[in-house]
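Asks: These are the residues of each chain, in order.
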Amino acid sequence: MSTLTRPVAPERLASEQRAEANRRRRWREGRIGWGFFAPFAILFALTFVVPILVSIRSSFFTEKAAGDSLYGGGGLVETFAFLDNYAQVLGNAIFWEGMGRVLLFGAVQIPVMLGGALILALLLDSFIVRRVAFFRLAYFLPYAIPGVIAALVWTYIFSPGFSPINQALVALSDALAALLGSPVDLTIDFFAPGTIIASMATMTTWTFMGYNMLIFLAALQAIPHDLYEAARLDGASEFAIVRRIKVPMVGQATLLAVLLSIIGTVQLFNEPTVLAAVNPWMGNDYTPMMLAYSSMMGTTSPSGAGPASAVSISMALIAGILAAIFALVQKRSTR
Amino acid sequence: MATITTPPSLRPSSSTRAITRIVLIAAAVMFLAPVYWLIVSSTKSNPDLISSNGLLFAGNNIVENYTALMSWTQGNFWRWVGNSMLYSTVAGVLGTLVSVSAGYALAKFRMPGKAGIQLAILGGLLMPIALLTVPLYIFFNGLGLTNTIWAVIIPSCVSPFGVFLGRMFVDAGVPDELLEASRLDGSGEVRTFFTLVLRLIAPAMVTIFLFIFVATWNNFLLPLMMINSAELKPVTLGLYGMMSYFSPQYGAVLQGALLSVLPLVVLFFVLQRYWQSGLTAGAVKG
Chain A
148 MSTLTRPVAP ERLASEQRAE ANRRRRWREG RIGWGFFAPF AILFALTFVV PILVSIRSSF
208 FTEKAAGDSL YGGGGLVETF AFLDNYAQVL GNAIFWEGMG RVLLFGAVQI PVMLGGALIL
268 ALLLDSFIVR RVAFFRLAYF LPYAIPGVIA ALVWTYIFSP GFSPINQALV ALSDALAALL
328 GSPVDLTIDF FAPGTIIASM ATMTTWTFMG YNMLIFLAAL QAIPHDLYEA ARLDGASEFA
388 IVRRIKVPMV GQATLLAVLL SIIGTVQLFN EPTVLAAVNP WMGNDYTPMM LAYSSMMGTT
448 SPSGAGPASA VSISMALIAG ILAAIFALVQ KRSTR
Chain B
19 MATITTPPSL RPSSSTRAIT RIVLIAAAVM FLAPVYWLIV SSTKSNPDLI SSNGLLFAGN
79 NIVENYTALM SWTQGNFWRW VGNSMLYSTV AGVLGTLVSV SAGYALAKFR MPGKAGIQLA
139 ILGGLLMPIA LLTVPLYIFF NGLGLTNTIW AVIIPSCVSP FGVFLGRMFV DAGVPDELLE
199 ASRLDGSGEV RTFFTLVLRL IAPAMVTIFL FIFVATWNNF LLPLMMINSA ELKPVTLGLY
259 GMMSYFSPQY GAVLQGALLS VLPLVVLFFV LQRYWQSGLT AGAVKG
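In order, the protein sequences belong to chains A and B.
The first sequence begins at 148 in this note's numbering and counts up by one.
The second sequence begins at 19 in this note's numbering and counts up by one.
Just so you know, the hints here were simulated from the structure itself, not pulled from any lab data.
Here the structure is a predicted model, which is why all the values come from computation and not from measurement.
Positions of the beta carbon are idealized from the N, C-alpha and C atoms, including for glycine.
Fair warning: there could be bad hints in the mix.
Said to hold, decoys possible - Away from chain B, derived, C-beta distances all over 10 Å, residues of chain A: (1) Ala161; (2) Gln164; (3) Ser205; (4) Met246; (5) Leu271; (6) Ile335; (7) Ala348; (8) Asp381; (9) Arg390; (10) Ile392.
Unchecked claim - Some chain A residues flagged as far from chain B (calculated, every beta-carbon gap over 10 Å): (11) Gly180; (12) Ile266; (13) Thr302; (14) Lys478.
To be verified - Quick list of the computed label-pair ranges, beta carbon to beta carbon: (15) B:Ser32 to A:Val317: 25 to 31 Å; (16) A:Phe229 to B:Leu50: 53 to 59 Å; (17) A:Pro258 to B:Ser89: 41 to 47 Å.
Given only the sequences and the hints, what does the whole structure look like? Please build it.
Replies: Next comes the structure, spelled out in structure tokens:
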């Protein structure tokens, strides 16, 4: 029937009409789409875009008291300082010491944490293990504990008075001393300047290893099992399967985990802040993020929004550069 | 599972099994020991903490510790827990709605500027959140929002990862045909969204809610900068203050820590399958 009733009107007109209708539909669709997207867009602008712009602007300014009297007076005046804040940050030994600490921290902690997470995930994924659910939950539990609370608990676990670790080491030392006939002291001062970074690394590894393990495990379980069957039929050992199939297949998850860990490490704050509460020698600028916070709150000099912003932006740039370098290296090595 | 189908010749040797099991159990002990120590220590007095074995219960000091916790926090402890609950719940609910709505827009509508949006969201995912807090403080201070509950809730609602998940869940769970059918039935766009889309992906929304809830509960730097009155503190901030300002009864602080994690841990375990579906999604994101 349709062939008979089909209009004989010029083809062009029909297609123009169709195009017009299409355009109208598209415009309508775009409008509705943006309508649904708008709440997020507004909030995103309010909490990401505008603050970043404000921060970039304020990093180029310093605030000075307007009056000439000793204590200023007359309120604060913003003056354009161009790169002065940045020069101060980049020339500030404290900033670089802090940066050095977190980078050293990350260089050791990230491989340990992710390596451990990957091994645990591989073990859980292997067909050797039953009761996977129990282990998954046990490993993941620390992540449910807020970083500050975890840091607080660990600070007490490490504290000289009643550290259960040192209690055990004292017992061990006594036993050894009785055996050897000379005094032995195996106890560890977890808060000494040389060991406190390791104590911090223990805290963060404990908190985040299970989380990363779950990411790896999820990626591992997404690998089709036929691949293993095929490899086994070809005579591959379980170890070869792990090395040749499983590890390469979680590459994307690894990349993401490393990038997030690098970014997380550069902004290390909770653990050192809690530790500094009981170890005043650490000061309020032990890590760059602590320095940024102290600058903002006026508890370190130079203080104020300008210097604090300059510290924050410098940190973000360094984190970004490190992440980019890692991503590039990873890409090149897997090609 | 593969266990059943593996022929005997390919099964791992019993020593491999044993080693695997030992490693896994050792790791589990390592992860659980501090929690166990926390539980034990929250019942002890200061002298017991020093003199008794850290892994064994000693004298029961629970009531005294609880009294000390209440008096040191000037009765604010449960208020802080309530604040954490309030911030996390409001941020979780609002953030989930906003994320799903944005994800729905990205999944189902051709919008101008979509490429830019996606780039911005990716940037947001990799943006160091802690670094945003300083500029956020400057901006919110300018708006007069600091030291209000909104200073904590508004930033916590914004979750690029939530939008990412929202988009994926809508893609997977909302067929175009249903949307068309709903439109043909004369349902408006907003009504379709609230009655059809939200209902279809309700289980997935729990995932997003959980992510935002946990992130808000765990946040420390944001409330540290934004909040300074004791009545508005979340429990993380309150306990930190308690630890740093007093020469404390340690058992009391530890009891506070234990009580403050309980709600989160319970929520976590009740809803854990949702949590895992989110991680799976995150891992295959590529």
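Asks: Out of the numbered hints, which ones does the structure contradict?
Replies: Structure breaks hints 3, 5, 11, 12, 13, 15.
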